[in-house]
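**Q** In case you want the letters, here they are:
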Amino acid sequence: MKRIGLCVVALALFTLLAAPAMAGETLDAVKAKGFIQVGVNQGLFGFGAADDKGVWRGLDVDTGRAIAAAVFGDATKVKFTPLTAVQRFTALQSGEIDVLCRNATRTLSRETSLGLNFCQTNYYDGQGFLIPKKLGVKSAKELDGATVCVLPGTTTELNAADYFRSSGMQWKPVVIESTPELNKAFFAGRCDSLTSDISQLAGVRAVAPNPADYMILPEVISKEPLSPAVRHGDDQWMDIVDFTVLAMINAEELGITSENVDEMLKSKDPKIQRFLGVNAGNGKALGLDEKFAYNIVKQVGNYGEVFERNVGVDTPLGLERGLNALWTDGGLMYAPPFK
Amino acid sequence: MRDRNISDLMAGTVPFWNDPDKRAIIYQILTLALVAMAAYYLISNTLANLERQNIATGFGFLQKESSFEIGESLIGYSASDTYARALWVGVLNTLKVSFIGVVVTVILGTIIGIARLSTNWLVSKLAGIYIEVMQDIPVLLQLFFWYAIFYENLPSPHRAMTPFAGVFLSNRGFMFPVPESHPAHRYMLLAFAAACIAAWALRRWARKRQARTGRIFPVIRANGCILLGLPILVWTLFGAPTQMDVPELSGFNFIGGVSLSPEFGALLLGLVLYTAAFVAEIVRAGIQSVSYGQREAAEALGLRPGMVLNLVILPQALRVIIPPLTSQMLNLTKNSSLAVAIGYPDFVSVANTTINQTGQAIEGVMLIMACYLCFSLLTSLFMNWYNKKMALVER
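Quick mapping for you: the protein sequence lines, in order, are chains A and B.
Here the numbering used here is used: the first residue of the first sequence is 1, the next is one more, and so on.
Here the numbering used here is used: the first residue of the second sequence is 340, the next is one more, and so on.
None of these hints come from the bench; they were simulated from the model.
Since this is a predicted model, take the numbers as computed values, not measurements.
It is possible that some hints are incorrect.
As the list claims (entries may be wrong) - Okay, the calculated bits of chain A under chain B, using three or more residues with CB under 8 Å as the criterion:
#, segment
1, 62-75
2, 140-146
3, 168-181
4, 225-239
Stated by the list, open to error - Computed cross-link-like contacts, SDA-like style, restricted to lysine to any residue with a CA-CA straight-line distance of at most 25 Å:
#, chain 1, residue 1, chain 2, residue 2
5, A, Lys-141, B, Lys-547
6, B, Lys-435, A, Ser-178
7, A, Lys-184, B, Glu-411
8, B, Lys-547, B, Tyr-725
As the list claims (entries may be wrong) - Some chain A residues well away from chain B (every beta-carbon gap over 10 Å; in silico):
#, residue
9, Ala-50
10, Gly-126
11, Ala-188
12, Arg-190
13, Tyr-334
14, Lys-339
For each residue, glycine too, the CB sits at the ideal point set by N, CA and C.
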């Protein structure tokens, strides 16, 4: 099935590349067609997945909606393209999508050789190991000789190889293309451990036959800054995506939520006045409406709201803010001044 | 004289667009130009756009470190090796499953095909049911089925089944002991190669002698002795080393011996059972294409049943069997790329990972196409040669 997808993408690459260069013109093209095409995960609970009514939900999905709110002042003017890990970058390169919000890790080689630019990180993740508790393992250092299930076409494969290589341990990967098949093999005991980003492992454990039988080992073996990506060469569009994510972070820092944003319009604080477009300037500089930040917060919410709604402690994923807390709370979320 | 006059006349009066020969040449040139233009458009456009978007091109990535691990490999491989070596591991894995698959499929298919023609009602019906069921279920589904059977039913390594001492069956795979490596093995292989040549020469000689004198030489028994005896003789000369490398449970998994993974087992089983159903029908059709009179005539001459099959039926049936059999062998090789779905690291699976890590989809897809083209052409070449050899020589 994936091979067909690959062929389709390769074909699309051949044909769509025939389209004229769009440097600096993504915004115009998006405005002309009236919506933004966002590439998202096919089914990763908490990040990008359609619910039982067919409505797309997740942190990445909400990032896509926020971009639509910034550009059109309407968070619904967005269409989602579900993509596999293998298809995602080709879809962006070929112009099939305008922005990729699909828990993609920013790395040097992707940034330089794939013809794309990553924007502000919207989730700081790390790779870990999920194991059945009955294995009796307390640390990833005890995994010498283990068989490990890995999802292909991701940085995960490389990180796991690096980790075992640097610790001088032996291991055997089992690489299966589709996530549900891989999970089934893991639950049936084909592998001793399943490795992926910790946020994904939390999602897998949530769908296990008996979640309490499984645990995530304490070691975090990699850095995974998951970031939206745009095509290389359109700086204006990159700025828009960048500052959309930053606006959500900044809103949280300024204490602006989707509930109180209307009151905040009357705030005397010049930082808030500039941010919400009461004092003009920011919007015009980006080529957007002066109210773009107001629209993002009003229609989608600030970063904290989006986090708690999709992956936070009250969701089945039950993830703590951790690295994704504001810098003022000891996390990494830090927005430059909006002026 | 008169002919030349007419052709001179025509050359002078018939315009070139009404001359079928010239017209054919013009059409060919036009077609060639169109194909060349389409190719130029695609290639130049792709290259220009790749450059504009700053996407890496070329096959330079093959020399970079792959940094990913592969579950099973016929040659030494680690994450610090190059992409080229990783892809080579994939090619060998594909060849391994295809080669074993083709051999087992042909044997199984022939047996079922003959069983289908059996006069025993039960045997022929069972073969018929097998063929109908296996042909009608998509092979991908069969792969998922066998793989699930393996990982759901086999025990964990700590509770592995041991049918014989040193042999283990668990959801980590099938582990069995092999002789520990010894210099004698290389010479045994050489001895076996020499034995093959000797056996071929003996068969030739026996045939010639039979044609000349009518005396039959027991070729099969003699050749069996040569093929087995020579390597064993070498082994004894080296002092008969019997040291075995026995798999042992250590930590999470078995160490030592040789293991066949559940992924390999499921892929091989699925491909063989599926393709054998088609081969069985081909064999049945081939045998039925030989008219019954041939068999009766052979029996009337007093040939034994085995000789009837070997000397009369099969030589005539094979020329019907070989061409469609070739296409089934190609099918099996190409279907082996479904391995991605159940986690066997075949060539497509490794190439997919490579494409994703390097982002060079066009180069990767080109490699995949070139590789399967090579497999198919080589198989066809061999089978066409065999087909020519087997074809009826008309006198």
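**Q** Now tell me, hint by hint, if it's right for this structure.
**A** So, going through the hints one by one against the coordinates:
1. Under a criterion of three residues with beta carbons nearer than 8 Å to beta carbons of chain B, the stated coverage of the segment 62-75 of chain A fails, only 0 such residues being counted.
2. With a cut-off of 8 Å between beta carbons, the segment 140-146 of chain A has 4 residues touching chain B; three or more are needed, and the interface restraint holds.
3. Counting residues of the segment 168-181 of chain A whose C-beta lies closer than 8 Å to any C-beta of chain B gives 9; at least three are required, and the coverage claim holds.
4. By the rule of at least three residues with a Cβ nearer than 8 Å to a Cβ of chain B, the coverage given for the segment 225-239 of chain A holds, with 3 such residues.
5. A C-alpha spacing of about 70 Å is found between Lys-141 of chain A and Lys-547 of chain B, which places the hinted pair above 25 Å, so the restraint is violated.
6. For the hint pairing Lys-435 of chain B with Ser-178 of chain A, the CA-to-CA distance comes to about 24 Å; that is within 25 Å, so the pair holds.
7. For the suggested pair Lys-184 of chain A and Glu-411 of chain B, the alpha carbons sit about 21 Å apart, so the restraint of at most 25 Å is met.
8. Under the criterion of a C-alpha separation no larger than 25 Å, the hint pairing Lys-547 of chain B with Tyr-725 of chain B is consistent with the structure, at around 22 Å.
9. For Ala-50 of chain A, the requirement that its beta carbon stay farther than 10 Å from each beta carbon of chain B is met, with the minimum near 23 Å.
10. Even its closest Cβ contact with chain B, about 18 Å, leaves Gly-126 of chain A beyond 10 Å, as expected for a residue assigned away from the interface.
11. For Ala-188 of chain A, the condition that its CB be more than 10 Å from all CB atoms of chain B is violated, with the nearest at approximately 5 Å.
12. For Arg-190 of chain A, the requirement that its beta carbon stay farther than 10 Å from each beta carbon of chain B is not met, with the minimum near 4 Å.
13. At roughly 28 Å from the closest C-beta of chain B, the C-beta of Tyr-334 of chain A stays outside 10 Å, upholding its exclusion from the interface.
14. The Cβ of Lys-339 of chain A lies farther than 10 Å from every Cβ of chain B, with a closest approach of about 32 Å, so its non-interface assignment holds.
Consistency note: the structure conflicts with the earlier hints numbered 1, 5, 11 and 12.
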